[in-house]
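Peer 1: Residue numbers (the working numbering), protein chains in the order written: chain A, 8 to 466; chain B, 11 to 403; chain C, 11 to 497.
In case anyone wonders, no lab produced these hints; they're calculated from the structure. Backbone N, C-alpha and C fix where the C-beta goes; we use that ideal spot for every residue, glycine too. Any given hint could be a false lead.
[Unchecked claim] In silico DSS-like links for lysine-lysine, alpha-carbon gap of 27 angstroms or less:
#1 B:Lys248 x C:Lys152
#2 B:Lys64 x C:Lys90
#3 B:Lys64 x B:Lys123
#4 B:Lys305 x C:Lys223
#5 C:Lys292 x B:Lys390
#6 C:Lys407 x C:Lys366
#7 C:Lys292 x A:Lys373
#8 B:Lys390 x C:Lys366
[Stated by the list, open to error] Chain C residues, not near chain A, derived (Cβ > 12 angstroms throughout):
#9 Asp41
#10 Pro175
#11 Ala262
#12 Pro297
#13 Gln327
#14 Thr328
#15 Lys469
#16 Pro475
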Amino acid sequence: MNYPSTPKNEFYDRSVLRAATQVSKEALDDFFSSNGRERAIVVSAPAGAGKTELIVDAVGKIRGRKTRLAAATPTNEQAFGLVRRLAIAYPQETISFVPARDIELPPTIQRLPNVQEVSAAQTVGRGVIVGTLSKLGDAFARGDLSSTDALLIDESYQADSSRYYGVGGLAPIHLLVGDCGQLNPFSTIDDPDHWRGLPEDPLQTAVGVLLRNHPSTRVHKLPLSRRLDPRAAKVAQAFYPDLPFSSALNPAVRGMRLLPMTSVRPRERLLDGVLDRAAVEGWAHIELPDAPVLTADPEIVELIAHLFQRLAQRTPQVRCELSTSWQDLRSQRVAVGVSHNDQKDVLRARLDALGYGDVVVDTANKLQGLEFDVVIAWHPLAGLPDPDAFHLDPGRLCVLLTRHRHACIIVGRSGDRKLLNAIPPRTPAYLGWDPDPVYDGWGVHEAVFAATERFRISA
Amino acid sequence: MKVNISPDVEKRLAEIRADAAPRSPTVRVLAAYANHADCNLAALGFAARVDFDKLLEGTPYQVQFGQSPFAFSRGIAFERMVSARDYAETLNLLRTTMGFKIEDARTQDLRAKYQSQRLSMGLRANETREIIRQILLGRPTSYNLVGGAVLEANIGGISARFEADALAARFGGPIHAGEVKSFPVVDGRADPDKLSAALDQVSIYILLMRRLVDELGGDPDLVSRIALLITPTNVGLKPTMSQKDVGTRVARSERLLASVPDVTDIARSVPSSLTFNVVADQRADPGRRADELHKIADSIGTSYTPTCLSTCGNAFFCRERAFRSGSPCLTGPQSSRLLPGISSLNRAAALSGGAPPALNEAPVAPLLARAGRLYDAATKNSRFKSSSQKVAV
Amino acid sequence: MKQLDVTLAARSFVEGRAIRTTLFRHRRLGDEPLMLVLWQLGAEPFSLAAASFGRSPRDQNFVVAGDPRNRDLAFAALLKMATWFNGHFEAPSADREEFEHWGQILTRSRSAPQIVVANGSTIEMLGRLGRRLAYLRTDGPKAAPLELVRFGRHLLFLSSHARMPGQQIVIALTELVGSNWATGQSPEERLSLAALNAYISPSKSHAFYEAMKSERYAIGPVPSGEDDENLEPLVEAFNQRRSGDVSAKVVAPLLKPIEDHYRRLVGRTWRLAWDCYERETKWPEAPSVGRRWDLDREAYTQHIDWTMGIGRRRTRQTPRQAAILLRRLEEAKATLEAEEACDDALRMIPYLLDGKAIQGRVIQLDLNNRELANTRMVRRPLVVISSPDPCLMPCGKELWWSVNPDGKSYEVTQVRADEDGGSIVTLKLTTSSKSTPMPRVGQEVCFSIHTTGTVRFFKLPPTEPWTHRPEAPVAEPVALEDSEIRS
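Bound-form chain A, shown alone (with noise of 0.2 angstroms):
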């Protein structure tokens, strides 16, 4: 990649964007062909495919028709995040949010001149309208939210059937979107799978009651990413078997270098490798000794903290194709995966008394739908004993393998790829549900373990 004397339209693969935009017009060409009658269109896509551009771009559409709609979303963040969106998107259009109590918008977002903070009585009449599933569907429970002439609906496959039910009725067309990869709904009670199969499983996600109830609803597929580059796409291809996707950019768009230091002592030489695989690959997998650990493992914690420190020692810098010359890597822009709280917590203490304070640290659940330049995945499986359906879920490992735009480093041991030699444990079964959890999250690890394995590096 020549920068930047490269003209922009070639940091795109054409083809890519081409056969994504024929789908997204398929998909609201069918959304805005419904006549009145209730129906549901639903479009699948994969990490970072640009779901929320649908969806702002739908809204602008169904406002030039001069129809009134509501956007919802499973958690705060995500309505916060779309009301900025459509707010910046259409500064004629004024974007309602309709908080549930003791919930207030961003001030940065609340300050945007056409967004206004309203109750779910002051809605009427208003064209665009944004809330979260549960607030809108309490809402319109109560008769103080009425009905709309469309329903929107974001991250819908992290959205649970019950969740769906409270605005079904809101209106009579639906445009669900959402990433099929990502973490399903869950429930913190102690039998969640009571209702497993069942038509009336309040856990299923949306999507799901959705196709159940009615099969015949379409299902359109975005073929494309736009934050995953080729080579991430191409290891996260493992999670979206059902849906074949490519990389909106062109191969070496994305860069990042780092200042060439020599490394004397064989931890910074392991560490240099690391990163310089990781700022060449875009992927590196570091891999500690099998050992007996503790979830929250000191042993890696220290290592993410080295790793930290020595990335900083070699001043880290990107450029892609929203910013052609060399930034600084910002550490807001720097995120470390986990999947438990005390993994969360024992590293935060140690980044923080490093000086790492505006680095994220986060769980997996925590980190869905969120976007960086460079991550730090500790994988599910590090020093685990044997699997389980929790650390095999492949959602999780896909929500920590696919936040980033530049470079993920994998941190575990080496035994972890060893568990997955076993036989999987039985597991139970339910008539009318096909996913057998723990036995698909296998084939996901196993095929993520082989696509990183050229990445491989080992302590």
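Since chain A is already given, all that's left is putting chains B and C on it; use the hints.
Peer 2: Chains B and C in isolation, oriented as in the chain A frame:
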């Protein structure tokens, strides 16, 4: 099917087994094996075809895995109902659930046909092979439903035969494997563990059928991933048919069959004097029998977890070994996960009382000490007997 | 399994006996519960082969069916049990009290029955029996007695209410005992009440061997293979002798061998169950039990009123019911965990270990601290705690004082490590209200994530949206007793 074990390996395995009750690998044995594939004693028993459920009979460690005779007779009664009148009920279910058009269904009950014949499993295996061949050739006289089909497999060098309750084939369509079970489906729900075991069983048959079809020159994908299950529905014995995609279970079964240890390797790797003869000898003193098994366990190693208690006849024995050594595996994998680097429960208890840790215990020690301290503080003012200060190290 | 569990399991292993894990008991345990000991026939999940029921150890009623695969014999035995059960179960509903609920005056029974069983499998069996009996036809040629159908409905209520975290209407002793005692056993082994019990008061030096002996025999409801092997010839002889007759006159004298067989099995479980129950009653009741008992009484009252009124329930839930139940289960679990942790110092320990709570001594109090909120200065009292443990909580984390979990929250504003490996934590009350109770300097306190304040209540629309309605409506199967198992 020919298996190639050399005569001296066969002889060695017979020596190892001695007079212990034998057991060929059935689907149930194979499924149990999957639970302890990393245990050397289990692998040895499997290879030498020793029935561990009976090995320790007459000692304090004997197990009682026996099935209720009522369970047995319920199963028989249900199977009879399902196969009566040339499988009338089953055909009806195939028609209503799977859309089979069965006007002139051709059925064959291999169990009835070869009932009392010697070597009936081998004959049924041959006939099953021929039946599948006919189906692949698309012969109009080929069967649509076969009961008691027998499939052969090479399990680590031992030939084994597995019997599938049902094999169903629509003319020109895919071949399905099915099982008849007598646990009920109530309001659309079945017991998740029993269902899982049944589906794992069918997935082995699907795997073996695919291999057979492949051997006969056909396309293995003709054997469907959809498993069929016939069970009673609700309260009575009225049968219902359920189906489930078991693609990933078939992959697991493939992995299971591939991981079964080769009997030749096992025979050659164990010490040449090793045999179960004393252990199995019911006339010998139980203490001596146990000691002999301890010697065997010491020499080749075991891998006890509490799940062994429901699948392996040596579990009580191995559990006591774990108990005597204070091994953390006694309390299960979830707790041993919390004690990395801690060699025994005694050490864990000592560390919880504030004992100074060794180097490899350093990560866990503060957590145990803290838990112990908090517990002691909260109970010191109550009427508890809290003798945790003095623990054996 | 958490750090505290494994610590106590290790100590239990070393000491050779169980170790208590709670200072209180967190379930109401009445003086005269309805104890039920059930046995089924192997692999006949809807059969009741034998049962004992009563309200005290000496009040042991006993029935056997003979051959429970025969509907008439099965129902004859079940009817005896139903007649006894229904009377005792329904009696408390006659005595009502009024209470206020969101501005309305409602009534609930002043007390409620408590059913005690040995283990979770017995509750499942109650559910299956309920499923079988509740939908029987009460008219026509094969009419079932009303008592039996009512019994079935009560059993269905018990089986579904048992799922509610913290409920006290159905007590499974393995869960009750298991939640109060740590042993050096795996979770699988702790499912046997006898093995669990062997650890609590072992007579030998180490409970392991006693537990091993206890495991040998079945507690029910599922019999061991050996038990049923002994039973089979008795049932066969019984069937032969009665030659198809199901009248009580003929059957009753022939039941003795079967009764003897079951008396031994049932009797063992009966004694064990009462011993375990009575042992647990000796511990003081936790303060929050009362509130949960109120909810139980309300649920019981609603069930009785429904059953005596319309009566019939669907066999499956609608999506709306399932969604509501999911939220209720989640709320109940969270509230239960909060209440138990705040009531009982031992139950708080896992949260201390997980960094979700901190404990220590108040070393400083600033009641007059002020800060700017919007445009005014407001009072935000500060509490500074010295804790012997490290604290990894981030600033901004919201905590509640464990003696006032339904009150206002405190926010972590500063965490400092001290020289001894402990920490100094500053908390800020998030209100200026002078009526909020506050700790004193020198007081030992605990602050945690647990709050029992008013829960957000999300309503669901009353009608099912088209998304959750199948295209081709599924015929709701109202289950009927179908083909005979045996005659």
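Peer 1: Failing hints, ascending?
Peer 2: Hints 2, 3, 7, 10, 13, 14, 15 and 16 not satisfied by this model.
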